[in-house]
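Each chain, letter by letter, is given below.
Protein chains: 2
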Amino acid sequence: MTTLQINEVAPRDGFQSEERFIPTEPKIALIDALTTTGIARIEATSFVSPKAIPNLRDAAEVVSAIQRREGVDVTVLVPNLKGAERALACGVDEINLVMSASNAHGRANLRMTPEESLTQFAAIIQAVRGSGVFINASLSTAFGCPFEGQVPEARVLTLIEQQLALGVEGVTLCDTTGVANPAQVEALCRQVLERFPDVPFTLHFHNTRGMGLANALAAWQAGITRFDASLGGLGGCPFAPGATGNVCTEDLVHMFEQMGVATGVNLPALLDISATLPELIGHETPGQVVKAGSADRCYALP
Amino acid sequence: MTTLQINEVAPRDGFQSEERFIPTEPKIALIDALTTTGIARIEATSFVSPKAIPNLRDAAEVVSAIQRREGVDVTVLVPNLKGAERALACGVDEINLVMSASNAHGRANLRMTPEESLTQFAAIIQAVRGSGVFINASLSTAFGCPFEGQVPEARVLTLIEQQLALGVEGVTLCDTTGVANPAQVEALCRQVLERFPDVPFTLHFHNTRGMGLANALAAWQAGITRFDASLGGLGGCPFAPGATGNVCTEDLVHMFEQMGVATGVNLPALLDISATLPELIGHETPGQVVKAGSADRCYALP
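Sequence lines, in order, name chains A and B. Position one of the first sequence corresponds to residue 1 (UniProt numbering), numbered consecutively onward. Position one of the second sequence corresponds to residue 1 (UniProt numbering), numbered consecutively onward.
You may find that some hints are simply not true.
No copy is singled out in the list; a pair is fine if it fits within one copy or between any two copies.
To be verified - Straight-line C-alpha distance at most 25 angstroms; calculated SDA-like pairs for lysine to any residue:
hint : residue 1 : residue 2
1    : Lys291    : Glu19
2    : Lys291    : Gln150
3    : Lys291    : Ala183
4    : Lys51     : Pro302
5    : Lys51     : Arg107
6    : Lys82     : Pro50
7    : Lys291    : Glu18
8    : Lys291    : Phe147
9    : Lys51     : Met112
10   : Lys291    : Asp93
11   : Lys51     : Arg86
12   : Lys82     : Asn266
Source of the hints: derived by calculation from the structure; they are not laboratory data.
Construct the complete structure from the given sequences, taking the supplied hints into account.
Encoded structure:
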C-alpha cells in the first residue's frame, strides 16, 4: 500500500534557480520521464513573469506539451492573478499559490506582505473557482525567516486559517531556507493536523543545514504523508540567502522505502533519471543515493 | 543540562581516509582546539600499523603531545595487541577495539572473521585489564555490510553479548557504509538498550545516503545519548566501498541544539575550527552548517 505522496518540484523550484536556462524540449522530456515513476504530482513550472524568473519563460509551452498520465496531477506555481489565468488557459490539475509567513521575506520574494498576499489570493480564487482546478497554497518561511528569524507557530496557524477561509483547499508548509529542526517540525505538524484534520498538508524541506531527511522523518512521525522533493536535490530560493537545495527526491524515496514505508515510486527508474541531470544542467547535483547507490547494493569483495 | 555526549572522530576516522598525510603539529593543534569545545571524548588516532594506514603513523607522538583536559576523554582505536600496548604506553583514557559484524567486511577490513576478532579481543583485554583504561568496542557493519548485505539483528545482539562476556565495557554500533535507515536504527537501539541496560552504547553513522542526521534522530528517540561524529563530515572507510563521510559533528550538534537537546558543545567555537579544515586538508568538507551558518542566523534585507 502506498502511504506517501511525492510531489516532484525540480522543474519549478530546481530549474528556476539554475544559472542557465534549461531548454524546453529536454525539460518536457524530463517531466514526461518523471511522471512514469509513480510520483503523485509534478510541479511543472511557475507562471511567473519572465522578467522575474527568465528560466521559466517557457511555462505555457511546457504545460501544454507534457504528457498527462492517470494518477499524476500537474500543478504549477502561480504568483498572481495573471499567472493563474495563464495556467488555467493551459489546463492544469492544481494551482499552487504562494505567500510568505514573514513580512520581510514576503517583501523580498514577492513584494507583498502576508496581508497583501491574502488579498491577492481572494482575487485568484474567485477567478479559479468552478474550474475544477485544485487550489493549494504554499506558505514560505513557515519555520523561520532568513531576515526576521523566528516565525511564531500561532502566526502560521492564523495564516492557514485565513487561507482556508478564502477557499484554499490544501496547504504546503515550506522550510524555505532550511532552518527547521525535527522537534519544531513534529510540533507544528501535529498542531496543523489536529486543528485542520480535513486539509491535505504537504511539507516542503530544504537540506541547507543537512536536516532535510531528519525533518521529513519527524513530519512523517507526526502523521504527514505528502512531501515536496526535488530530483537530485536541485533548488533554492532566488530571494532567500543561503537557501540551498530542496530535499532530494530520490534520497527521500530511498529513506522511506528502506524503512518499509511505501512511496509508490520506482526508485531505480528515478535514479536513472537523476543520473541524466548533470548533463542537462551542466553541474553535479547534491543528491547522494544517485552516487552511492541504494543501501541494498552489494559490492564484490576486493 | 547536557544530555548528549559527543565523541569527535575526525583525527582518526577522518584523517585516516585523507589522500595526504596531515602534518603532526597542526593535527595536535586541531585536537587541542577541539577538546576546548565541550565534546565529551576525542578519538585522537589509531595505533594501527603504519603500513596499513600511513596517515596515522604519528599516533604515539600525537597522543603524547596533546593537552589533557578535565572532562574530555582521550580514546584511540586499537586493531590488535601490539596497538593496545603502544596505546597504553602513551597513556589514554579509553581504547576502542574494532571488529566487523560480517565475515566479508571483517576479512576485507581487518583480515579477521568476527570469531577471530573476538579471540583477539580476549588477548587485548587481558593485557589492558587493571590499567584503569576503559575498554570500548566498535562493531562495524552493524546495520549492513557492503559485501554481504543484511546483517541480522540477532547476530549483532549475540556479538555484543560475546564482547561483554570478554570484558568490553562500552559498545559502539557502526553504520560503516551509511546503509542504516531510521526504522532499523530505532529498532536495534531499543533492543540493545533493553537487553543491556547498563552498557554505554554509542552510535556511529555515515552520511553516505543522506540519512546520517535522520538516523541520529531515530537513535536519540530510542534513548541513545552518545554519538560519534567527525568535524566537517570527514571520513570514510578505506576498506569499504562507497563509505563517504561520517556524520558531521557541527551539523549534528546544530540539529540537537536547535531541538533544545543540550550537547554541551560550543557550536560557534566548533564552526570556527571546522572553517580551518579546508586549508589543513586541501579540499572542501561536506559539512553544511559551516557554509550556511546556524539556523538562527539573520541576514540584512536585500
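Now for the hints, and whether the structure bears them out:
1. Lys291 x Glu19: both (23 angstroms within a copy, 20 angstroms between copies)
2. Lys291 x Gln150: between (35 angstroms within a copy, 20 angstroms between copies)
3. Lys291 x Ala183: between (30 angstroms within a copy, 23 angstroms between copies)
4. Lys51 x Pro302: between (55 angstroms within a copy, 18 angstroms between copies)
5. Lys51 x Arg107: within (17 angstroms within a copy, 60 angstroms between copies)
6. Lys82 x Pro50: Intra 12 angstroms, inter 69 angstroms, cutoff 25 angstroms: intra-copy only.
7. Lys291 x Glu18: both (21 angstroms within a copy, 19 angstroms between copies)
8. Lys291 x Phe147: between (34 angstroms within a copy, 17 angstroms between copies)
9. Lys51 x Met112: within (17 angstroms within a copy, 64 angstroms between copies)
10. Lys291 x Asp93: neither (34 angstroms within a copy, 38 angstroms between copies)
11. Lys51 x Arg86: within (16 angstroms within a copy, 67 angstroms between copies)
12. Lys82 x Asn266: neither (36 angstroms within a copy, 50 angstroms between copies)
Checked against the numbered hints above, the structure breaks hints 10, 12 and satisfies the rest.
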